[in-house]
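Undergrad: Chain by chain, the residues:
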Amino acid sequence: MKVFGEFIKGLWRENPTFRIMLGLCPTLAVSTSVENAIGMGSAAAFVLVGSNIFISLVRKIIPDKVRIPCFIVIIATFVTIVELMMKAYAPLLSRSLGIYVPLIVVNCIVLGRAEAFSSKEPVFKSILDALGMGLGFTWALVMIASIRELLGSGSLLGFTISKHFEPPLFMILAPGALLTIGLLIGMFNHFIARSRSRKTDG
Amino acid sequence: MMTQILIPVVTMAALGLTFGAGLAYALKIFGIEVDPKTALIITKLPGANCGACGKAGCAGFADALVKGEAVPSGCPVTNSEARKAIAEILGIEDTLKLKQIAAVRCSGGNKAKDKYVYHGIKSCRAASLVFGGYKACAFGCLGFGDCVEVCPFDAITMGDDGLPHVDPERCTACGNCVKACPKGLFTLIAEKNVYYVACSSTDPGGAKAKVCSASCIACKKCEKACPVSAIKVDANLSRFDYQKCQNIGKCFEVCPTKVIKKR
Amino acid sequence: MSQLLKFGLILCAICLAATLVLAVTYQVTKPKIEEQLRREEREALETILPEADSFTEKSVDGLDYYEALKGGELKGYCVKVTGSGYNGFIRMIVGVNPAGVIEGVEVLEQQETPGLGADINKIKPGEKDPWFLRQFKGKDAATLEVKKNIDAITGATISSRAVTDAVRKTITEFLAKVKR
Amino acid sequence: MDSISAYISIIISTVFINNFILSRFLGLCPFIGVSKSTGPAVSMGIAVTFVTTMASILTWTIYEFVLIPFGLEYLRTLTFILVIASFVQFAEIVIQKKSPALYRVLGIYLALITTNCAVFGVAVLNIDMFFLHGKPLAGSFLKSVVQGFGAGAGFTLAMLLMSGIRERLEFAEVPRCMKDAPITFIVASLMSLAFLGFSGFKI
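Chains as they are written, first to last, in the working numbering: chain A, 1 to 202; chain B, 1001 to 1263; chain C, 2001 to 2180; chain D, 3001 to 3203.
Next comes chain A alone, as it looks inside the complex:
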């Protein structure tokens, strides 16, 4: 059960976007449409799982002082693979994600999990953790994107919901993104605090 806990924590208790607040750059920039969000989420999850496996495999032989450059090279390899694959097989998605695909390499979640977790844990656990984190990141991204796309361009997954509703452009732009994630984290804290206080009172 404990091992399964590693996977679950990434989704809720230690959700990378809402709780640990890592990987904010792509989250805010790319969540203008749910389609982009799913694309970015899955790309990040692939890189996360792939690099975590290799890093936990190779963790024993790398001396501590040169640890960061080695981990980053492994992560960069997976990011470039995703980049090439996307250009070849999903050109539209790769164009809409723009420079944020190569930016997965500096995404704090990937290196954060690599350093915090997989450089100290066995392979199996770090795969689970990576999957949990990847999924947690994706569903947070999709949640933000659905709000922003619905309000910002009056559509969801590309289908315009209503033609005459004049969408406030503000939600698509930078301020809208920051506002959405701010309110969501606030809500998240509220739920966590209430569930924690109910646990202690109960």
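Rather than coming from a laboratory, the hints here were simulated on the basis of the structure. Source: prediction; values computed, not measured. Incorrect hints may have been included.
[Unchecked claim] 30 angstroms max Cα-Cα, derived DSSO-like pairs, lysine-lysine:
(1) A/K65 to D/K3098
(2) B/K1037 to D/K3098
(3) C/K2122 to A/K87
(4) B/K1250 to A/K125
(5) B/K1115 to B/K1099
(6) B/K1067 to A/K120
(7) C/K2006 to D/K3097
(8) B/K1028 to A/K120
(9) D/K3097 to C/K2080
(10) C/K2058 to D/K3098
(11) C/K2147 to C/K2124
(12) B/K1037 to C/K2169
(13) A/K87 to D/K3135
(14) B/K1037 to A/K60
(15) C/K2179 to D/K3135
(16) A/K65 to B/K1084
(17) D/K3179 to B/K1067
(18) B/K1037 to A/K120
(19) B/K1250 to B/K1221
(20) C/K2030 to C/K2075
(21) D/K3135 to B/K1037
(22) C/K2147 to C/K2080
(23) A/K65 to C/K2006
(24) A/K65 to B/K1232
(25) D/K3179 to A/K9
(26) B/K1192 to D/K3179
(27) C/K2179 to A/K87
Using the hints, position chains B, C and D against chain A.
TA: Below, chains B, C and D without anything else, positioned relative to chain A:
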């Protein structure tokens, strides 16, 4: 086809070699030792340097831990085993909050003049509804002891100088007094910080002196005296920066109205 | 010395392995990527000059373009135009008939801000093609000017101006060269 | 050589119009994490400016003299991040030895910068904006360096503004669940709304 693969591999390998060797060379020439305890803690910390703890990366957080300015749970990214390990190294139990104690930011009480004679309900909250309380100083303590009643550990007793006094042993920093006081005079300050400013009025110095003999008249003597510039007068009131304060006590000696109190 | 060697070798080994994997993936995906690019360009050509049936690639003084022919007879040219927009370059293909009148404009690639500059490609609900690019059709290349005969996208004057100026400059330059 | 105004316009556009944090969304993790008080925020800003400028120089040269001749543009991500990580590690070691005082103020942030999106972002943007079909535009090197510096300066400006506000925020009445991070996001959203005002014109 083969050369298409050979060229990148050779160039990148060469790049890797130069950077690896370069780093090792730099380490040999410029290497210095870090004090073992911090180094040990750094290995336990995630090393992601994400800044979520507010400190500058894990090394910064480790220093803060060793200096006692931070608590293992300050780093949201580590899991519970790592936090227990760090707590062992530091030799403290993994308390969630750094030990804090409540402090009253007012030293007026009987020393503060009254605006009018008040015969209403004997409670600070009720009194402060009537034109902000009967004291001439709008920020001052009304002395009806709402805090005393609300404190579950009766760590607060009302002194004969008309001011509440906090017993450091009993106070568990539960924060009830902070919520209860209508003037917001109570704050929770880390136990290691010995000094605090017992005044919260931001009126100009002269006006304060007229209504209360024990108020911070913003004379800035403390600001000039403090060697580590941990205290600064901002909006007519001197405020501590507890990240810099090292309990030297110069400000305490130099304060003319004795508003900076020692716990 | 051993530490020096150890670090160097480790990093070198990892880079070597990484690049090996990447080089192979690149060789595998390279043809697919090029094919995608060619497919997009072909689609763009077809939408601009639907009546032409064959396009021959040519270039004059570094300006590469396609000659659109219908049964051997010259119908017009499709010129590759690059404008510098708000976030980077905007790559377009502009169809122009020998008389210098614009047949159509298609944007191949742009990095403009989504919702603002990226609206040069936006198709209004119920319509078939982006309204902003439709304005160029039937106008003489030399007279293209934002606010005069091309109205800009609200809040994205830079991108609108980038497209209009790039089309005007490159096409007039191209027509002059081809005529000679 | 381009006139000086071209470079000034780049600086103004990277600091105000396309501020790296508020409109390009690069470098948000330290922006939320380290801007609690002005001291660390400014040191972080200076460290980032130093690294973005140096990174721009290094990555431009590597791209021009190593990647293009051998046709390895697709390895851009790998080489850039390797260069940045190694440079940051190298700079940290040198500063730690050469001047411990500077290290106490600046050095500890250097480790934070390897995973900073702003540094890698500016390196990639330099290539996208100042290279066309593999050939550098006129004055492309100097423009990249100036853009690197501008990015760092914009980063510092945003960090400074945010830390000033957050210090005032300590005294504000903020609902408990909105404390700390959520309120910072909302303040950042208002700041980025203000910065949108700059986005209208191009110099």
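Undergrad: A separate judgement is required for each hint: does it hold in the structure or not?
TA: Here's how the hints hold up against the structure:
1. A/K65 to D/K3098: 19 angstroms, holds
2. B/K1037 to D/K3098: Distance of about 23 angstroms is within 30 angstroms: holds.
3. C/K2122 to A/K87: 22 angstroms, holds
4. B/K1250 to A/K125: 54 angstroms, violated
5. B/K1115 to B/K1099: Judged against 30 angstroms, a Cα distance of about 39 angstroms means the pair is violated.
6. B/K1067 to A/K120: 26 angstroms, holds
7. C/K2006 to D/K3097: Status holds; Cα separation ~23 angstroms.
8. B/K1028 to A/K120: Roughly 26 angstroms between the alpha carbons, so the hint for B/K1028 and A/K120 holds.
9. D/K3097 to C/K2080: 55 angstroms, violated
10. C/K2058 to D/K3098: 60 angstroms, violated
11. C/K2147 to C/K2124: 21 angstroms, holds
12. B/K1037 to C/K2169: 67 angstroms, violated
13. A/K87 to D/K3135: 22 angstroms, holds
14. B/K1037 to A/K60: 22 angstroms, holds
15. C/K2179 to D/K3135: This hinted pair holds, its Cα atoms lying about 29 angstroms apart.
16. A/K65 to B/K1084: 25 angstroms, holds
17. D/K3179 to B/K1067: Given pair D/K3179, B/K1067 holds - Cα atoms ~26 angstroms apart, limit 30 angstroms.
18. B/K1037 to A/K120: Distance of about 19 angstroms is within 30 angstroms: holds.
19. B/K1250 to B/K1221: 10 angstroms, holds
20. C/K2030 to C/K2075: 33 angstroms, violated
21. D/K3135 to B/K1037: Violated. D/K3135 to B/K1037 sits at ~52 angstroms, over the 30 angstroms cutoff.
22. C/K2147 to C/K2080: Holds - the C-alpha atoms of C/K2080 and C/K2147 are around 24 angstroms apart, at most 30 angstroms.
23. A/K65 to C/K2006: 11 angstroms, holds
24. A/K65 to B/K1232: 41 angstroms, violated
25. D/K3179 to A/K9: 23 angstroms, holds
26. B/K1192 to D/K3179: Holds - the C-alpha atoms of D/K3179 and B/K1192 are around 24 angstroms apart, at most 30 angstroms.
27. C/K2179 to A/K87: Outside the cut-off at roughly 38 angstroms; violated.
Hints 4, 5, 9, 10, 12, 20, 21, 24, 27 from the list above are not met by this structure, while the remaining hints are.
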